[in-house]
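Those protein sequences? They're chains F and B, same order as listed. Going by this note's numbering, 186 is the number at position 186 of the first sequence; the sequence numbering is gapless. Going by this note's numbering, 680 is the number at position 211 of the second sequence; the sequence numbering is gapless.
Treat the hints with caution; some may be incorrect.
[To be verified] FRET-style restraints, in silico, Cβ to Cβ:
hint, chain 1, residue 1, chain 2, residue 2, range
1, F, C437, B, R869, 31 to 39 Å
2, B, G591, F, G350, 17 to 25 Å
3, B, L932, F, E216, 56 to 64 Å
4, F, G425, B, H907, 48 to 56 Å
5, B, S748, F, E214, 47 to 55 Å
6, F, K78, B, R869, 18 to 26 Å
7, B, E808, F, K430, 32 to 40 Å
8, B, E880, F, V356, 39 to 47 Å
9, B, L932, F, L60, 42 to 50 Å
10, F, K50, B, E880, 45 to 53 Å
For the record, the hints were derived by calculation from the structure and aren't laboratory data. Every residue, glycine too, gets a C-beta built ideally from N, C-alpha and C.
Protein chains: 2
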Amino acid sequence: MKREEGSDHGAVEAIRSIFYPQTVAVIGVSDSFQRVGYNLFESLLFGGFKGNIYPVHPRLKTVLGRKVYNSLSEIPEKVDLAIIGLNEKATISALKECGKNGVRGAVCVAGGYREIGEEGEGLEKLLQEAASCYGVSFIGPNTLGFINNEIDLNTTFYPLNLPKGSASFISQSGGLGLTFLHQAADAGLGINKWIGAGNRSNFTFTNYLSFLGEDEGTSAIGLFLEGTEDASSMVHRASRINKPVVVYKIGRSDKVSSSTLTHTGTMSGSYQVYRDIFSQFGLYTVDTIMELIASLKAFTVSALPGGAKIGIMTHTAGPSIVAADMLYSRGYSIPELTEDTLKGLYKIAGENPPIVFQNPLDVAGMGFETGTFKDYLELFAGDPGVDLVLAIYCQHKNWRFPSPEIIQVKEKVKKPIIACYPSPGTLLEKERPLLECHGIPLFGTPEEAAWAASALVEHAARLGGRSLT
Amino acid sequence: MKREEGSDHGAVEAIRSIFYPQTVAVIGVSDSFQRVGYNLFESLLFGGFKGNIYPVHPRLKTVLGRKVYNSLSEIPEKVDLAIIGLNEKATISALKECGKNGVRGAVCVAGGYREIGEEGEGLEKLLQEAASCYGVSFIGPNTLGFINNEIDLNTTFYPLNLPKGSASFISQSGGLGLTFLHQAADAGLGINKWIGAGNRSNFTFTNYLSFLGEDEGTSAIGLFLEGTEDASSMVHRASRINKPVVVYKIGRSDKVSSSTLTHTGTMSGSYQVYRDIFSQFGLYTVDTIMELIASLKAFTVSALPGGAKIGIMTHTAGPSIVAADMLYSRGYSIPELTEDTLKGLYKIAGENPPIVFQNPLDVAGMGFETGTFKDYLELFAGDPGVDLVLAIYCQHKNWRFPSPEIIQVKEKVKKPIIACYPSPGTLLEKERPLLECHGIPLFGTPEEAAWAASALVEHAARLGGRSLT
């Protein structure tokens, strides 16, 4: 039986138990490397989970050099979590076995339930009944599983190596969830928890949001959504979470059980309704996986600005104009600088500066030298009208990046700064750790930097109850 | 004097001479590594240009171990191109010297002309007059210069290492142009020519488009545009070029000489007019630098489809739904499969396939094994209703990517295929050369793959005069 609204506290406790087990069993382990059961076990081992891991199979003796247990009852200690790598029918029996042996949490990986139609729907009901009768909570079915990166627990059958951090993600789709993880790792976005929600037979999106909303390791939540029947309770719950919730919603209709998509007109209509409701309830909507990652990076690395006015400084105009263009088109303010700031900037520039100072501020060739870049940035960021600064520096092999200087300025003016270094990826990777551990998210394109600024300003306005216009 | 419309042939010849010099002089070389003159010379050497390079400075003896010439007249052979790294006033005299010494092409790097206001405007007129009187053609001023990657000629002061290929790019902004180059290199997009148009004092966007339109090494053209006075002749010219022209236009107004941007309302209005006109004249407009790169990758790697109907195959639904969602929202057709194709697909799946086959086609777990993936893909891509295929395969360490299989299918069905492997960047880099040398562009996200499909379909429709709806 599906959990009722209102009984959310129990659901959250159940999810938390699943995410923090001491002992894990893999039911349906295999010794063939192409089988899911083998890979579930392998990625658990590869992940480095510190608790005890028990592979279970009725006949096998060892897999990957580890003793295999022929049944759950043979395992010499209490098992907290069972990962079930069996087919859709055997999964139901396994869930009952879990209950009989005191295992209270499970992941049901198999597909073949309601997503395939009527017959599957019947099986899914049996699965829910088994869980309910035998007192087992479960994630799935039809899921890749979940990851608790905090304790190196990867229950998916994909061995992964993820940077640690405080971004958590709920994905309706396993494949899109994986795409997210790979892109996040490439962008150095630290992951805390990851949930492949699958058919949400036992827990709803609302339950998962509640769990992550309370979760200490999570500071921002991403959500990939195709469509859901608990949209109303979900947005109400999200509105009560103080953490940013970033939604990537595609136009799929709830009524379509397979991958059929509704026709364009219908789709974009209902999509717009979704977006409007999300915005009303304080969820932040994005359009691409790149924007999702930039937003979560901003939320997990940077503090929030005290207001919505954005300053952009650069030593080469183009990227600043692209960023400003995107921010203007979203209705944000890039305010004029005060007289004092302008005077100060012209003072640094000396006689006959070759350019006009304003916001966006282009200091041109004068900005190459990191000391001068810092002098300009400090004055600019200190302008009382500026709440958040986007600092752009184009890489050149004969100058180093002004990362220490940007950090010093941030610590002096105490305002959030987003760094944008249009540069090769390998160089970004080198600069990223220093900047980001000082609360300054780093991006390679002005679009990402603008998305990040947009996300921070929106969430700050939501928390402060401020209007952006 | 600015070139008139109609005299484009001469302009194209002049640009070609600038792009294919035998001998290059760097006027205003320096021995200080923080000066532009030094870096112009260094990046020329670093680039590996095979022609003779002559550094020029009135007093220096050697720079970087090379003999310095004290004037242009001292150089023992005819100089084809002069890169002038002097300030805005000295550049004018240098241009005259070029003319006197038979140098017919130049790059004027300095800023300080019309972009800074009235005084600069006067100087720019003097520059134009000098060029006209002394018979010198030039790129700039206020430019990073240009790159002819075909002959390893980099006239910018940024030493760069770019993959070779057939994408060429015209950038109104040097900084955005650099951002493009770094992103392109990271994405393995091969570059042929790159033009920092700067103030376009001597050549217009129309001239540059004409040049690249005729250029044998260029198969697709990218253009970053803030605003231009030759918009009308530019779009007319673009409409007569058979190569795809991809435009990334931001909302900056022509009337704004500095980086001030027009207010949102005005901007998006005129922006929409620009977009509509571009589309009418066959230019393809993109919204981000990521989409610009994905489009150029598609154009330079893949053949065009014979029609506008897109097939999407995957073994994990999420990414296919994201791609379909984006393609639907742009009005493209993802057609139903024929009865024959469906029969064939069910035959491969055997009894009781756990899923419903359709387009987008999700073959689920059956698709992991590359042989099976190929069997499905071959049937699917062979469907007579499908013109272009997007093939999605999620990386798993225990299975290899189906790159050889995708290539075999492409060569059999003779339709363009776009590959999408949602995977870590390092793995994409390994798979890319094989796939792309067989005409199959590879992307890591479904959004990029959809952008690529969209670009190919639009350009094919433009050339074929077909309607997409």
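For each hint, the structure was consulted:
| no. | hint | verdict |
| --- | --- | --- |
| 1 | C437/F to R869/B: 31 to 39 Å | 37 Å, holds |
| 2 | G591/B to G350/F: 17 to 25 Å | 22 Å, holds |
| 3 | L932/B to E216/F: 56 to 64 Å | 58 Å, holds |
| 4 | G425/F to H907/B: 48 to 56 Å | 25 Å, violated |
| 5 | S748/B to E214/F: 47 to 55 Å | 49 Å, holds |
| 6 | K78/F to R869/B: 18 to 26 Å | 40 Å, violated |
| 7 | E808/B to K430/F: 32 to 40 Å | 56 Å, violated |
| 8 | E880/B to V356/F: 39 to 47 Å | 58 Å, violated |
| 9 | L932/B to L60/F: 42 to 50 Å | 60 Å, violated |
| 10 | K50/F to E880/B: 45 to 53 Å | 50 Å, holds |
Violated hints, in rising order: 4, 6, 7, 8, 9; the structure is consistent with all others.
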